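Enquirer: With the hints as your guide, set chain S with the ligands onto chain A.
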Amino acid sequence: MANIGVYVELKDNQFKKSNKEALSLAKKSGADVYAVIFSNDPGQFADVLKGVKKVVQVKNDDLSYQPDLYADTLAKIITEFNLNDFIGVNSAQGKDLFPRIAAKIENAGLVMDCVEMDLANRTVTKPVYAGKLLSKYVMDNPFRLYTIRPNVFPASASDSEAAPEITVFEAVKNPPRAKIVEIIKSGAKKIDLQEADIIVSGGRGIKAKENFALLQELAEVLKAGVGASRAAVDAEFATYDMQVGQTGKVVNPKLYIACGISGAIQHFVGMKTSKVIVAINKDPEAPIFKKADYGIVGDLFKVVPLLKEELQKNL
Amino acid sequence: MNIYVAIKQVPDTEASLLVKDGVSINETDIKWILSPYDEYALEEALKLKEKIPGSTVTVISLGPNRVESAIRTGLAMGAENAIHIETAEPFPDHKIIAAALGNAIKQDAGYGIIFMGKQAIDDDSYLTHIYLAEHLGIPVATNVIAFNHDNGKVVVEREIDEGAREKIEMSVPCVVGATKGLNTPRYASLMGIMKAKKIPIKKLSLQDAGIAQLDNKIKREKLYAPPEKPQGRIIPGEPEDAVKELVRVLKEEAKVL
Ligand SMILES: Cc1cc2nc3c(=O)[nH]c(=O)nc-3n(C[C@H](O)[C@H](O)[C@H](O)COP(=O)(O)OP(=O)(O)OC[C@H]3O[C@@H](n4cnc5c(N)ncnc54)[C@H](O)[C@@H]3O)c2cc1C
Ligand SMILES: Nc1ncnc2c1ncn2[C@@H]1O[C@H](COP(=O)(O)O)[C@@H](O)[C@H]1O
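If you're matching them up, the sequences are chains A and S in order. Note that this note's numbering has the first sequence beginning at 1, numbered continuously upward. Note that this note's numbering has the second sequence beginning at 1, numbered continuously upward.
Everything labelled a hint here was simulated from the structure, so no lab data went into it. What you are looking at is a predicted structure, and each value in this text was computed from that prediction instead of being measured. Among these hints, one or two may not hold up.
What the hints assert, rightly or not - Subject to a maximum C-alpha distance of 30 Å in a straight line, what follows is the list of computed DSSO-like cross-link-like pairs (lysine-lysine):
| # | chain 1 | residue 1 | chain 2 | residue 2 |
| --- | --- | --- | --- | --- |
| 1 | A | K190 | S | K255 |
| 2 | A | K16 | S | K251 |
| 3 | A | K302 | S | K251 |
| 4 | A | K308 | S | K255 |
| 5 | A | K17 | S | K251 |
| 6 | S | K255 | A | K290 |
| 7 | S | K153 | A | K185 |
| 8 | A | K104 | S | K222 |
| 9 | A | K132 | S | K222 |
| 10 | A | K104 | S | K217 |
| 11 | S | K106 | A | K76 |
| 12 | S | K222 | A | K20 |
| 13 | S | K167 | A | K249 |
| 14 | A | K28 | S | K222 |
| 15 | A | K185 | S | K47 |
Bound-form chain A, shown alone:
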């Protein structure tokens, strides 16, 4: 019987929300689920790991992310425990780590950024051409790896109360090729756009860097992340890590509020899978209105503060 592995990514020793999506997906398949976690104390995650058959706990004196150490260790775990399907999240770390693991296992295949998965039939679907099209692949590989797009698969609570058994695994410490020597934190504490439930985004219509504060305030009321169009990034109103679109981040929130964004195809493909899109634009002809679920034609400098007030009253 095949086993399914899930890589549990911790960030500042916190469980990522999308880990639950990966775990639910694995548990739903009915196969034995192995959760692999780099932690000296996985007990603190007992609640979310319920229903998992086995926790493979990787111990080391220094568990900070090092790509070669993590990839060598995970490749060994996958082959030793026969984890024929191995799921992770398409996060910044997942995008760095998973290709390295797949490369180290002979005949392993990997598809990144999956939005549909049929493990029994070995097929996966992922957006291509920035989501203009979807591509379904069949994987003929004995070991199949996947990263899933956050916010796509449901995270259901476990119906099993069984606590997993824990197996300790020693990290594989080959001499590293690339070495992370420092993490440079960004000043502001930001919400991860790819995991955000709500995103407020600004475009060239914002007109100046200072005016992003307006969106920031709206975002605070909504507990939302703040995104931007490329035009806003190019004009240096916003930073590149905020850019949504074909050459920025592809996001998938429940609610996306586009303010002063025209709706160019390269922007649209980065946010079109949002459950609900709201557009605020002063030009009634702006293409964004053809793509939004709800639109308000008006000056964002008027509408956004009003919207903030109204939400403060209602949330």
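Expert: Using the frame of chain A, we list chain S with the ligands on its own:
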């Protein structure tokens, strides 16, 4: 240093794409461009060449005949050598693509740094540069937004979540996966374009690049357009009223608040 840049030709970002036979796009009428992240890769390679006297920049691309125009663009921007691995059709198994590119680079000359994009904007697979580095057994960093080379050592910064960065040290040879923000790609000059026309392109078959037979383990079963979103509605009225109505529908109809 012999610097290499792997470049992929992709449909223009404006292009509307139609599916031809259920598994591939209709290529007639498509305008092709160099994948944007590969432009950052190439620019960084050219800057490095200017810094290290006696260096060369070679662009390499795998694909059908049409990719020659992407190669010419690379040459016009300032690369002086080119390799084309000729394949009849694009194929989805990136392990094979990476192995072919890696083998071709290894056979060509002693290689230093290989610049690539963090992602090609057609398949958006995020794989090839990392596979290539692993195939050659050399270090790789992806999503690189700052690059520095000094005394045979490479130090890069790679963007992780929310503007934070990892600073990474690597020895040469290594692979650098470029992202936006690394630099501003130059335009090809008229002289560059003229010069590029005369540069011979080294042609290789997949066999020449060490791929004896094409055994795609990953196959595309279906390519299709996602369902269109139905047209939404404009909420009319003065801003004060429109905003009230918007909050109401978001709560009661869409249930997203
Ligand atoms: C290769 C390539 C890759 C690209 N990648 C991306 C990408 O990843 N992401 C991306 O976003 N773009 C990308 N683009 C750029 C894209 O084509 C558009 O140029 C860009 O999205 C436009 O940004 P914008 O909507 O903010 O600006 P504009 O198109 O200038 O629109 C500004 C809008 O603001 C409105 N406005 C102005 N003032 C107000 C006001 N006071 N109140 C309300 N509304 C107002 C205007 O009516 C207008 O609709 C890419 C382009 C290329 C060629
Ligand atoms: N067919 C190809 N020819 C040359 N380079 C390629 C090819 N496919 C991918 N690459 C390189 O690998 C990077 C990542 O591509 P991908 O893994 O397809 O997203 C690209 O930015 C290119 O630098």
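Enquirer: Could you grab the alpha-carbon distance between K28 (chain A) and K222 (chain S) and see if it respects the 30 Å cut-off?
Expert: Given that 30 Å is the threshold and the Cα spacing comes to 25 Å, the pair holds.
Enquirer: With the threshold set at 30 Å, check whether the alpha-carbon distance from K302 (chain A) to K251 (chain S) stays at or below it.
Expert: 22 Å, holds
Enquirer: Within 30 Å, alpha carbon to alpha carbon, are K132 (chain A) and K222 (chain S)?
Expert: At roughly 14 Å apart (the allowed maximum being 30 Å), K222 (chain S) and K132 (chain A) satisfy the hint.
Enquirer: Does K222 (chain S) pair with K20 (chain A) here, judged by a C-alpha cut-off of 30 Å?
Expert: 29 Å, holds
Enquirer: When you check the alpha-carbon spacing of K16 (chain A) and K251 (chain S), does it fall within 30 Å?
Expert: Answer holds: K16 (chain A) to K251 (chain S) is near 27 Å, not above 30 Å.
Enquirer: Between K255 (chain S) and K290 (chain A), does the CA-CA distance stay at or below 30 Å?
Expert: Status holds; Cα separation ~21 Å.
Enquirer: Can you confirm whether the C-alpha distance between K104 (chain A) and K217 (chain S) stays at or below 30 Å?
Expert: 16 Å, holds
Enquirer: Given the hinted pair K185 (chain A) and K47 (chain S), is their Cα-Cα distance within 30 Å?
Expert: 28 Å, holds
Enquirer: Taking 30 Å as the top limit, are the C-alpha atoms of K167 (chain S) and K249 (chain A) close enough?
Expert: Between K167 (chain S) and K249 (chain A) the Cα gap is close to 21 Å, so the pair holds against 30 Å.
Enquirer: For the pair we were handed, K190 (chain A) and K255 (chain S), check the Cα-Cα distance against 30 Å.
Expert: 25 Å, holds
Enquirer: Does the alpha-carbon distance linking K106 (chain S) and K76 (chain A) stay inside the 30 Å limit?
Expert: Within the cut-off at roughly 28 Å; holds.
Enquirer: Run the distance test for K17 (chain A) versus K251 (chain S): straight-line Cα separation, threshold 30 Å.
Expert: 23 Å, holds
Hint compliance for this structure: no hint is broken.
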